[in-house]
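Visitor: Let chain E serve as the given structure and place chain H on it in line with the hints.
2 protein chains.
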Amino acid sequence: MVSYITTLGQNAKQVRDTLAAASSADKNKALLAIADALEANIEAIQAANDLDLTNGKSNGMSQSLLDRLALSEERIRGIAGGVREVVALPDPVGVVEKGSVRPNGLMIESVRVPLGTIGMIYEARPNVTVDAAVLCLKSGNAVILRGGKEAIHSNKALADVMRRAIGSVGMPEDCIQLVEDTSHETAGEMMRLNDYIDVLIPRGGAGLINRVVSDATVPVIQTGVGNCHVYVDKTADEAMAVKIVYNAKTSRPSVCNAAESLVVHRAVAASVLPKIKAALDEKNVILYGDETACSILNIEPAAEDDWGREYLDYKMSVKVVDSLEEAIAHINRYSTGHSEAIVTNDYQSAQQFTARVNSSAVYVNASTRFTDGGEFGFGAEIGISTQKLHARGPIGLPELTTNKFIIRGSGQIR
Amino acid sequence: MVSYITTLGQNAKQVRDTLAAASSADKNKALLAIADALEANIEAIQAANDLDLTNGKSNGMSQSLLDRLALSEERIRGIAGGVREVVALPDPVGVVEKGSVRPNGLMIESVRVPLGTIGMIYEARPNVTVDAAVLCLKSGNAVILRGGKEAIHSNKALADVMRRAIGSVGMPEDCIQLVEDTSHETAGEMMRLNDYIDVLIPRGGAGLINRVVSDATVPVIQTGVGNCHVYVDKTADEAMAVKIVYNAKTSRPSVCNAAESLVVHRAVAASVLPKIKAALDEKNVILYGDETACSILNIEPAAEDDWGREYLDYKMSVKVVDSLEEAIAHINRYSTGHSEAIVTNDYQSAQQFTARVNSSAVYVNASTRFTDGGEFGFGAEIGISTQKLHARGPIGLPELTTNKFIIRGSGQIR
Chain E
926 MVSYITTLGQ NAKQVRDTLA AASSADKNKA LLAIADALEA NIEAIQAAND LDLTNGKSNG
986 MSQSLLDRLA LSEERIRGIA GGVREVVALP DPVGVVEKGS VRPNGLMIES VRVPLGTIGM
1046 IYEARPNVTV DAAVLCLKSG NAVILRGGKE AIHSNKALAD VMRRAIGSVG MPEDCIQLVE
1106 DTSHETAGEM MRLNDYIDVL IPRGGAGLIN RVVSDATVPV IQTGVGNCHV YVDKTADEAM
1166 AVKIVYNAKT SRPSVCNAAE SLVVHRAVAA SVLPKIKAAL DEKNVILYGD ETACSILNIE
1226 PAAEDDWGRE YLDYKMSVKV VDSLEEAIAH INRYSTGHSE AIVTNDYQSA QQFTARVNSS
1286 AVYVNASTRF TDGGEFGFGA EIGISTQKLH ARGPIGLPEL TTNKFIIRGS GQIR
Chain H
926 MVSYITTLGQ NAKQVRDTLA AASSADKNKA LLAIADALEA NIEAIQAAND LDLTNGKSNG
986 MSQSLLDRLA LSEERIRGIA GGVREVVALP DPVGVVEKGS VRPNGLMIES VRVPLGTIGM
1046 IYEARPNVTV DAAVLCLKSG NAVILRGGKE AIHSNKALAD VMRRAIGSVG MPEDCIQLVE
1106 DTSHETAGEM MRLNDYIDVL IPRGGAGLIN RVVSDATVPV IQTGVGNCHV YVDKTADEAM
1166 AVKIVYNAKT SRPSVCNAAE SLVVHRAVAA SVLPKIKAAL DEKNVILYGD ETACSILNIE
1226 PAAEDDWGRE YLDYKMSVKV VDSLEEAIAH INRYSTGHSE AIVTNDYQSA QQFTARVNSS
1286 AVYVNASTRF TDGGEFGFGA EIGISTQKLH ARGPIGLPEL TTNKFIIRGS GQIR
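In order, the protein sequence lines correspond to chains E and H.
Quick note: the first sequence uses my numbering, first residue 926, plus one each step.
Quick note: the second sequence uses my numbering, first residue 926, plus one each step.
Hints are computed from structural coordinates only; laboratory data are not their basis.
Watch out, some of these pointers could steer you wrong.
Stated by the list, open to error - Partial list, derived from the structure: chain E residues whose beta carbon lies under 7 Å from chain H: (1) Ile1331; (2) Arg1333; (3) Gly1334.
What the hints assert, rightly or not - What follows is a list of derived Cβ distance ranges for each label pair: (4) E:Val1180 <-> H:Asn984: 54 to 60 Å; (5) H:Ala946 <-> E:Gly1132: 32 to 38 Å; (6) H:Gly1233 <-> E:Arg1009: 42 to 48 Å; (7) H:Gly1233 <-> E:Arg1002: 49 to 55 Å; (8) H:Ala946 <-> E:Ala946: 42 to 48 Å; (9) H:Asn984 <-> E:Asn1029: 37 to 43 Å; (10) E:Asn1029 <-> H:Met926: 52 to 58 Å; (11) E:Glu1225 <-> H:Val1094: 47 to 53 Å; (12) E:Gln1276 <-> H:Ser983: 53 to 59 Å; (13) H:Asp1238 <-> E:Asp1230: 52 to 58 Å; (14) H:Met926 <-> E:Arg1258: 18 to 24 Å.
Claimed, not checked - So these bits of chain E aren't anywhere near chain H, every CB distance computed over 12 Å: (15) Thr932; (16) Asn936; (17) Ile967; (18) Leu990; (19) Arg1009; (20) Ala1013; (21) Ala1192; (22) Ile1211.
The C-beta atom is built at its ideal place from N, Cα and C for all residues, glycine as well.
Chain E on its own, in the form it takes in the complex:
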């Protein structure tokens, strides 16, 4: 007997060639239908969302998770607006990246084609259901969405609305499929469904990402875990350092590009750390310092675990270093490869830091919070890749395609 997940995979395979061949105009028509349908069904979506919120409350879900789960009218309209923005983005499919005529007359070109079927495994936020579906659709990929059980009613409502919308403009509904069985087993089965899923994109906390990396045989794009550092060099403009650390830590602590660790050069620690702490005190940020930091500030001592921790909260570790070298070594040791920043006025320090820190985004004199498809000017993104294979940094539409070589000849043999 064919399993539930295999059936979804087979459904996707049935439609993905049609979707891959769809014109930009047809895909955009489907996207606009989705945006309109989301707005036309706000009440139904909210009714489903209320079920999830009620369950969440009775299961003791924290207020911040409930906030992420909630779909207000404003938020649904925002999601629909996001879909319309994807309409405006260029279609990556069919772009000829390079091409040449070989000495033997073979005409060879490399063109962008969809990946095929993308599996998304994610956690609480139901907006991911729409964001991921529309980016996959625009890039010509069928998608199998497997969200968390906390949001299952919201996700079902959103997926139903989207499927009916694309069906109404003549696109196969199975281009977008939701896994309604949110058991541990369905996620595990997706991770090994190599015959039907081309790429798996997990989005969530370190636990989820680690499980997928460890268990999946389907190729994975790792996303999102960000233990981001801000390093204040000895020549830093102190006011700029305070402003950047404050922004990187407190403007949105729950996201992956928020800073989690502050690294400060010993020469300026006694001067700059109290100023940074005074700013962070406004938001009651709890600091965990090494010995030197604790001797300067009245803060908690950091445990070894703190250096690698992604708090996603108003908490931050503080490390004092003797040199740029030590800062780079510390960051490369504990970083998750997401985003790191240096605040400096020294040319050599800036050059060394950007050359030798091994993360997907390395900043000089700017907040780590800019690592984002929109902020980089690439449009919407499906996540931030922290792996080296395929895509690094924001994963937008071009990163949801692969290449194919087309070679036209006139009877050439080798």
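Guide: Coordinates of chain H only, in the frame set by chain E:
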């Protein structure tokens, strides 16, 4: 206690930042030293190779495998010549792929950087030891080479020569490391050494590739298994079809871009199949046909297994189809995603075939044998990727790098 493989991983980590930062001039100097050293040590390399050949013979290794294992003086000089060709290729590291200034003044650019440490797991041919090492070196990656036990003496000699050569020009020898323990366990450990190996590239038969895909937690670039098809459409020039099939099947049957399956439109089967068979008879190619093919030719009936088989030999399956549709469906079902060709004079057939066949290289009126870094004009390659993530088709120097975003600001916050 730290395991042997972990130690190699740690050694690589010690040197990889140095190698990543090495100038093109220094890397080219190391490559030329390797080429010279290979030629200066031909006798020692051959002495080691003789041990492998003797062992192979006494273990009943087939003549074709012995041929692939043997390092004649000419072959060693050829390998050294190949190294010098890599010197001439452009260095992919540091290439700025794109960049812009954002409205807030942030200057953002995407630059190519090495992957870090590459693990190669491969089988009998010792030339892979040198080919892989020099491509990794040129692209700034440390490499851990794990060849087959059949070639262990040859591989040790080659690795020793290369390590001493790069050491003699001041580059850390551990940029190139060979796994001297060729047990099943060392390969397995490499597949899960996520802390120290960034990318794994298996090169070999379907058994090896499947094991790596199934067991590895380190990201993998799948290479090489090629069940390549040639489809003869109803409007094909028959003489061209004969020439292309003959070349694709017989010019080098042991390589991954050789054709393994012939698909013919029913309208021309009775006319073209006997001509193709007459040509293939020159090389005593054994054909396995479906019912129609067998009714036209006096050949063996194909079993279901034959359609998916990579013979790597003078053998070929033959399928007769009713339409282009059926040909495309058959190919997409049984192909390994490597290379497929259509022989046709019909514009629509050519367009449909190139658009809808899901392989890394799709040909019109040319032999599948051209799927090769050199033939495509990209220079040397480390393998042919058949996966959709990261790299598809020939994996040359650019594909051995990843990107990194460098963002220069003046105090921007979000």
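Visitor: Would you pick out the hints that fail for this structure and give their numbers low to high?
Guide: Checked against the structure, no hint fails, so every one of them is satisfied.
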